[in-house]
Amino acid sequence: MNPKQADKLMTFVIYLMSSVIIVILMALLIYILVAGLPYVNWHFLTSAAKSFQSGGGIGAQLFNSLYLLVLSMLVSIPLSLGIAIYLSEYSQNIRVTTWISSAIEVLSSLPSIVVGLFGFLVFVVQFKLSFSILSGALTLTIFNLPLLVRSMEDALQTVSLSQREAGLALGLSRWETVVHVIIPECLPAIITGIILSAGRVFGEAAALIYTAGQSAPPLDFTNWNVLSLTSPLNPLRPAETLAVHIWKVNSEGLIPDASAVSSGASLVLVVVVLVFNVLARYLGNKLYKHMTGE
Amino acid sequence: MDPIAKNLKQRSLSAKIETKGRLITQLCTVLIVLLVLAIFGFIATKGLTLFFHDHGSLWSFFSGTTWSPDKVDSHRQPVIGALPMIVGSFTVTLLAVLVATPFAIAAAIFMTEISPQKGNKILQPVIELLVGIPSVVYGFIGLAVIVPFVQKIAGGSGFGILAGALVLFVMILPTITSMTVDALKAVPRYYREASLALGATRWQTIYKVTLRAGAPGIMTAVIFGMSRAFGEALAVQMVIGNAILMPSSLTSPSTTLTSVLTMNMGNTVMGTTSNDALWTLALLLLLMSLVFNIVIKYLAKRGALS
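From first to last, the protein sequence lines are chains Y and L.
So for the first sequence, my numbering puts the first residue at 32; every next one is plus one.
So for the second sequence, my numbering puts the first residue at 669; every next one is plus one.
Incorrect hints may have been included.
List time: in silico SDA-like cross-link candidates among lysine to any residue, alpha-carbon distance up to 25 Å [stated by the list, open to error]: (1) L:K853 x Y:I61; (2) Y:K39 x L:L763; (3) L:K739 x L:F719; (4) L:K688 x Y:W130; (5) L:K965 x L:K786; (6) L:K714 x L:V704; (7) Y:K81 x Y:L285; (8) L:K965 x Y:S140; (9) L:K965 x Y:Q188; (10) L:K786 x Y:I61.
Bear in mind the hints are in silico, worked out from the structure with no lab data behind them.
Every value quoted in this text rests on a predicted model; they were computed, and no experiment measured them.
Next up, chain Y with everything else stripped away, as it sits in the complex (with noise of 0.2 Å):
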């Protein structure tokens, strides 16, 4: 076989393997979207879990879910921007910044049920958190950590050099440069990393299993008694997450038409994800113009 000839083979054979894998994708997506479809509704949205019949739905795992990004959030978000001032900002000694980013480069390898375990182990053990939403939305801020400030460092080191020290040069001092130039300036990119994480935390399921517990109680969305236990706002509850949920019906299989149920959610959380994508990106791009004037 001559080189031409050769060539038009593996030219073929890339577009082959490569048709391959977009039918695989594509099948992927469209199953998502046809098996759940049927089952996406009002009804099924808004009610409570069944534990053993079916009609059940996913009221209270959609809002433990958001509630408990909410909560991770509060946390991860002040602490990666600390983190990443420092590691941009502030960091003058080489050797230092690479242990320390190397300490967070294995966090972010970590695989999620190991940091799951180790939540269960301080947060639900030592701590006495017991299975709750706060011992989830800790344990999920761990998981988080590494992503987002990488992101962050990263946004903070496209602000160009000139503008740090234009800021000094005006006599404001590092910390002022910091908050009133430099975070101004990279907000569109930070928000993006803060947005695309939070779509895959909402995912999350394995480190929240021995966290955040297996089991939604009833919620009473009516109740706004911090301390009660069926308060959805109380968070020392239980909190069974819409992930969770699809492994547990799944893998105990106690209600009759799990796999209706496990469809009609894992749409919901492939949509929910989806949606944090396309907000990152158009969020990211309005702000841009907006802060830039263009």
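Starting from the known structure of chain Y, fit chain L onto it as the hints suggest.
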């Protein structure tokens, strides 16, 4: 003292804010470093209890094939053969990576070398979306589609290593592809131009120049995919059958390290040998992710030199 001199000798408000800001960011950084140390410390302490407190032997842990940590053998040592799940984890991971890598490289070549426009329009958005799909969704689809499919072509229950590897293949394909694309895009344009100018065909250029130059990056992508597959818990646990036995074939129910942890951690009591044995599995997972991390670091260093 007159007020001007007093004002000059005092630290300005700006300087105070600066000190405070610096301190806060330093505290955050110390916190994350302590967190990483704490994870290693806690899990290592719990994981080593099996050997130091419960008299488990390291040799039988890595070579034994029977896992029943609540029983003791003739030497009064707990029966902790973890080989079935170690073998399970590695087979599932390697199979998934072996199947996924050629496809990922082909797709990346398509997107960077052959048809960047179509690639950016069709493949890129689909792959980006799939990177974000939660792993339980992959597990559920594996249960609904792949397990019945395996059952049809190979008989048996359908649960097993083959189903697990197929689920992981679909799961890590987008990750490896998008990282390989980045690696190939980083190869300078003049490499390709030089090769084409020498009269090489497109495939010769791809095979002899682009892929070689991008090799460290591609290896990093593959190892990254492996580490993701090795640590994945729920998607695999849902389709592998969860039988703690040495896998006899690709379609017999077996298990992985993560699956055993997921299934059993809730059923054991803290402080018992059964529980300690599970923490040893968690320690093994932790060490494996460290190994993957070191390999990626090493590859990145080698890639940077060339």
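Outcome of the hint check:
no., hint, in the structure
1, L:K853 x Y:I61, "30 Å, violated"
2, Y:K39 x L:L763, "29 Å, violated"
3, L:K739 x L:F719, "15 Å, holds"
4, L:K688 x Y:W130, "24 Å, holds"
5, L:K965 x L:K786, "33 Å, violated"
6, L:K714 x L:V704, "16 Å, holds"
7, Y:K81 x Y:L285, "10 Å, holds"
8, L:K965 x Y:S140, "12 Å, holds"
9, L:K965 x Y:Q188, "22 Å, holds"
10, L:K786 x Y:I61, "20 Å, holds"
Comparing the model with each earlier hint shows violations of hints 1, 2, 5; every other hint is respected.
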